[in-house]
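Since the structure of chain A is provided, determine the placement of chain B on it from the hints.
There are 2 protein chains.
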Amino acid sequence: MKFQRLALIGCGLMGGSFALALREAGLVHTIVGFSASEKTRLRAVELKVIDQACTSLAEAVQDADLVLLAVPVGAMHSSFSAMRDVLQPHTLLMDVGSTKCDVIAAAVATLGDRLSCFVPAHPIAGKEMAGIEHAEASLYQARRTILTPLPKSGIHRLQTAHDVWAAIGCHVSTMTPEAHDATFAAVSHLPHMLAFATVNAITAQPQGAAFLDMAGPGFRDFSRIAASDASVWRDILNANKTEVLTQLALLRTALDQFENALKAGDTAALQQLIQQASAVRSAWTLQAGNACSTASEDN
Amino acid sequence: MKFQRLALIGCGLMGGSFALALREAGLVHTIVGFSASEKTRLRAVELKVIDQACTSLAEAVQDADLVLLAVPVGAMHSSFSAMRDVLQPHTLLMDVGSTKCDVIAAAVATLGDRLSCFVPAHPIAGKEMAGIEHAEASLYQARRTILTPLPKSGIHRLQTAHDVWAAIGCHVSTMTPEAHDATFAAVSHLPHMLAFATVNAITAQPQGAAFLDMAGPGFRDFSRIAASDASVWRDILNANKTEVLTQLALLRTALDQFENALKAGDTAALQQLIQQASAVRSAWTLQAGNACSTASEDN
Chain A
3 MKFQRLALIG
13 CGLMGGSFAL
23 ALREAGLVHT
33 IVGFSASEKT
43 RLRAVELKVI
53 DQACTSLAEA
63 VQDADLVLLA
73 VPVGAMHSSF
83 SAMRDVLQPH
93 TLLMDVGSTK
103 CDVIAAAVAT
113 LGDRLSCFVP
123 AHPIAGKEMA
133 GIEHAEASLY
143 QARRTILTPL
153 PKSGIHRLQT
163 AHDVWAAIGC
173 HVSTMTPEAH
183 DATFAAVSHL
193 PHMLAFATVN
203 AITAQPQGAA
213 FLDMAGPGFR
223 DFSRIAASDA
233 SVWRDILNAN
243 KTEVLTQLAL
253 LRTALDQFEN
263 ALKAGDTAAL
273 QQLIQQASAV
283 RSAWTLQAGN
293 ACSTASEDN
Chain B
3 MKFQRLALIG
13 CGLMGGSFAL
23 ALREAGLVHT
33 IVGFSASEKT
43 RLRAVELKVI
53 DQACTSLAEA
63 VQDADLVLLA
73 VPVGAMHSSF
83 SAMRDVLQPH
93 TLLMDVGSTK
103 CDVIAAAVAT
113 LGDRLSCFVP
123 AHPIAGKEMA
133 GIEHAEASLY
143 QARRTILTPL
153 PKSGIHRLQT
163 AHDVWAAIGC
173 HVSTMTPEAH
183 DATFAAVSHL
193 PHMLAFATVN
203 AITAQPQGAA
213 FLDMAGPGFR
223 DFSRIAASDA
233 SVWRDILNAN
243 KTEVLTQLAL
253 LRTALDQFEN
263 ALKAGDTAAL
273 QQLIQQASAV
283 RSAWTLQAGN
293 ACSTASEDN
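Chains as they are written, first to last, in the numbering used here: chain A, 3 to 301; chain B, 3 to 301.
So here's chain A without its partners, still in its complex pose (with noise of 0.2 Å):
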């Protein structure tokens, strides 16, 4: 498997990382670029992540037979729309974005008799850097990778798909898209969502920044998340909005048992409500790959 020449849409820390993992591995000939911030391209092509810059999305998918997708799920729209017409039909497209319904929806709606080229792919790495500056060949190594394919995606590019992933240290999965947004609304998206809250109810103290000041490594681990990207995350909640608002009434619930418990002085119900809590998350982290790598203090 070696593809002659990639198309990264989206020169940022998730596409970046990609481009620079591919090359490592030697899996491609030629890495194009394009990014809608013509100094990020540029910049792109001085840290040699591509090899060159285009000046449009057209420009860098005509004649490549790998693009990927690595721009906010907000912008995937636009962005398939543009390719429709240069996109041929033995290309490998996949994306990056954190959302599936929505990205699949616009794939759809745009591709037309491209749309068998699409293998919807989410990679469950990152960091709370954004851009190109951040991005590492080293990213996507031992993480997960889950494929939502759709029932156009034949099974020879699903294949490849597969096998692009695990090039680069990937376990792959597959799920449905359905199954994926559930999945990741409660395990990433509302936990992004309580960071970004618990940071801004912070601040919104007139002893927020003191309050801060004190604050030691359970909070820099809990927070870790807040740091995130405004923009793609504003996408993520936005395009995943029914799961992660049904999440959120779950999380309610779940912390009005605690208040409850508060309030009328139950510490027998607060202690249980605890121990389930840990139980579940020590097991959890005694699943490999799981453990933190930090020195895991907390206070």
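Covered by chain B, according to a simulated footprint, are these stretches of chain A (three or more residues, beta-carbon under 8 Å):
| hint | stretch |
| --- | --- |
| 1 | 140 to 148 |
| 2 | 187 to 194 |
| 3 | 200 to 207 |
| 4 | 259 to 266 |
Everything labelled a hint here was simulated from the structure, so no lab data went into it. Owing to the predicted nature of the structure, the values given are computational and were not obtained by experimental measurement. The C-beta atom is built at its ideal place from N, Cα and C for all residues, glycine as well.
This is chain B only, laid out in the frame that chain A set:
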């Protein structure tokens, strides 16, 4: 500064690590320990964390010139009572409780003229794994310890307390008990409750286990503190319930802002909410010592 006899009351992670650190720093001649569980105190001897196990709290405290009370905050009152009659006037008594107003109230109610022995302390360190097995001499290195002195804590004893924590690697700060409890409700106690509630909300769903199978490094770090010890955190949340409930109400307001923006499809408001959290959290990372030691991936 060298102590003849450290009495460790509560041979767990926090107390055991303090004992190991003091010994490593050459600050103590003999360490005796008491835990309610015979098994625990024998294990503490076996692991060479303490030199000698005592069968009662009073026996341990008798003749000690340094006492560290490292029990869940709900057990402070009975511990103070049990040591009242054997505490020597010159002894330095400290706790490691994560709440301060309730611990001080218990001391005031029980210690009588020995109240002057007591310098309340809260080292901002720990692990989500409790127990003497996880004790380590380095736990407090480069961490912060907060002292909340009483009017009766003389300047000399306060200085000794400061020197002990500094000698095992801590940055030492002083706060009022009230400011301490408000601060840690915001940056520690509420985040723990949110992490517990998030895990419980996932577990309560039929697909909860499948959701957790897919969770990535963002969830790992966000929820790490959900694995914390149930008895310890039952006591902390209960002891500081007024401040915790105040912070919970503020968090609910911050969550309402996200919910309203999502429901209204107001992506500009959503971006603004995320952007302000992201900016604050990113700036906090840049403060000395706050960088994650983890590889900091998210999804």
